[in-house]
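Each chain, letter by letter, is given below.
Protein chains: 2
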Amino acid sequence: MPVRFAAVGLDHAHIFGMVSGLLEAGAELVGLASDDPDAAVCQQLRTMQPDVPWFDDAQQLIDDPTIDLIATAAIPVRRGDIAIAALEAGKDVLTDKPGVVTYDQLEAIKKLVAEKGRFWDVVFSERFNVRSAIKAGELVRAGRIGRVVQTLGLGPHRERDRAHLSGGSGRPDWFYDVTTYGGILNDIASHQIDQFLWLTGSAAGDVVSATVANFNHPDHPDFQDFGDMTLASDTAQGYVRVDWFTPQGLPTWGDGRLVIVGTEGYIELRKYVDIEGRPGTDHLFVADQQGTEYIDCSDVELTFFGDVIADVTNRTNTAVPQEHTFEVSRLGILAQEKATVRKLF
Amino acid sequence: MPVRFAAVGLDHAHIFGMVSGLLEAGAELVGLASDDPDAAVCQQLRTMQPDVPWFDDAQQLIDDPTIDLIATAAIPVRRGDIAIAALEAGKDVLTDKPGVVTYDQLEAIKKLVAEKGRFWDVVFSERFNVRSAIKAGELVRAGRIGRVVQTLGLGPHRERDRAHLSGGSGRPDWFYDVTTYGGILNDIASHQIDQFLWLTGSAAGDVVSATVANFNHPDHPDFQDFGDMTLASDTAQGYVRVDWFTPQGLPTWGDGRLVIVGTEGYIELRKYVDIEGRPGTDHLFVADQQGTEYIDCSDVELTFFGDVIADVTNRTNTAVPQEHTFEVSRLGILAQEKATVRKLF
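Chains as they are written, first to last, in numbering that gives the first Met the number 0: chain A, 0 to 344; chain B, 0 to 344.
Keep in mind the hints are simulated off the structure, nothing from the lab. Any given hint could turn out to be false.
Note that identical chains are pooled: a pair holds if it fits in a single copy or bridges any two copies.
To be verified - Under the rule of at most 20 Å between Cα atoms (straight-line distance), these lysine to any residue pairs were calculated in the SDA-like manner:
(1) 115 - 322
(2) 342 - 205
(3) 337 - 207
(4) 342 - 233
(5) 115 - 24
(6) 110 - 323
(7) 337 - 205
(8) 109 - 333
(9) 110 - 320
(10) 109 - 65
(11) 342 - 262
(12) 337 - 288
(13) 115 - 140
(14) 109 - 88
(15) 342 - 146
(16) 115 - 339
(17) 342 - 234
(18) 115 - 3
(19) 342 - 201
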């Protein structure tokens, strides 16, 4: 029997990748539900999946004993409650990042995961779905650059894409409201927090310093168009910068980079574009004591969604350790809480 | 009459570039002196300049009324005193960075600069002598990427070069002693502090957070092989990472980068090497609202040493504003003072 899942909370376009990843891994999508049926993402998913039934009441899906897994990419502030309801009903959960925006949500989820024996996986996407990031992990684990002393992650994002889903009218209102998206560090820096802990082999970390800023959005005074943070673990440092300043002239949504400094070398990833360089994505550069090397990572295998499905079936925790997901989520909220808030307006 | 200068304090190899820069700009080198005549750098400079007289007593040069300018690349902790003595004698000063390691030195220099009407220029080299950095300044000033919201500077350095001056035996003892080199942030991050203020158009800045660490030097417990800091000015943020982890396999001493994020685009510099990419140095990449562009900066004109000489002759301050030099120096000391110290041993 295939794993049966429902998609509940269809506000962010990340749901497309989550659904297609689960379908390709062999799961069956048995229902859709969302608070805002008029949202562009929701309508597009229904168009893409015309045979999957729509439910006006998400609770019907959550209560359905034949469903194993609830996937969600709701507005960030609502993801926690959807996960809590799903866990209470004995479902596994796969959520877009950020999975939570408050400590209360996180604590409730931790408690339910323990009580119900289900998992709560947050798709910190990059490390799971970006082939160069997976390759970097393999090289680091193999000792190629010695002991990792710092990760430096840059996550610039495009705010308005000419070809954006919304048809060019821009982002939805919740995108600009910190009470609904949860803050730039908890949202888009969660990728880099995840990679920091993972690549430095750290079970736990701390936020040394953080800043969020509105540098260029006078019409949305509470929007955070820039954020950065310094992280520390027992053995290493981390730095993250995220922003919404990708210009229209870049041929993709963001020039995501990761630099991993080790005691015996370093690795640089140009994840989505090699500006004025090689075509395609997933460019990995390494310098070690012997020389330099370019590695095209386009043939690296992606296993994340298959691992999630196997975890549902086998009651294992192979896709991503549960405690790691909790710690990344805690650090995202902590960064947001500790951040100095700068407004130029 | 050409500007006459003496080189006093010959411990760091940066003196070679300072001397050749001044000579090429038309100045005349009239004397050499240094506390440690046996230092490798000192001996090499004497060999390179066999016709320039050596003085056992540096004060003779400092007191010589026919000398206009004192250049120094002494051990960092001694540069301040050399500058103070030179200013007291009515000389202009050109010093390797860091120019000072304490606030007391800086205050004494500020006072003397005001009293004597002479200048104290610190060679924050990169912006003056790195063609891609000069080009980046031109593009920023021309508004190519809008208003700058962050500079991110990476300054990895090689600790032991196979072809190092020392003949392969490594760095001198003072290199590993924080009381003589002044700390990694004040030393090698001064480049990036300079570029932060300059490229964001900021007269002043602050250190938000800083860390220095010994990650991999158990034999030199007080050595700082890693440092980073977050900077802020009225309008922008800055981040700097410096380290001594450049591996032997990289074909140059360090993969220095600068990323300048603006409201309308960004610029990346690969200053000294384009790893597994284009040959040579000074690679500039820009993305703006229209597209992306690669700019080879190898033909950008260098004017710094000529400007210094003109400043000596004309009593002007064109090479670098004096207040800017003071502020960069203050921030370097402040970063070192505020830094959390991490030792893995």
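- Query: Which of the numbered hints are not met once you compare them with the structure shown?
  - Reply: 5, 10, 12, 13 and 16
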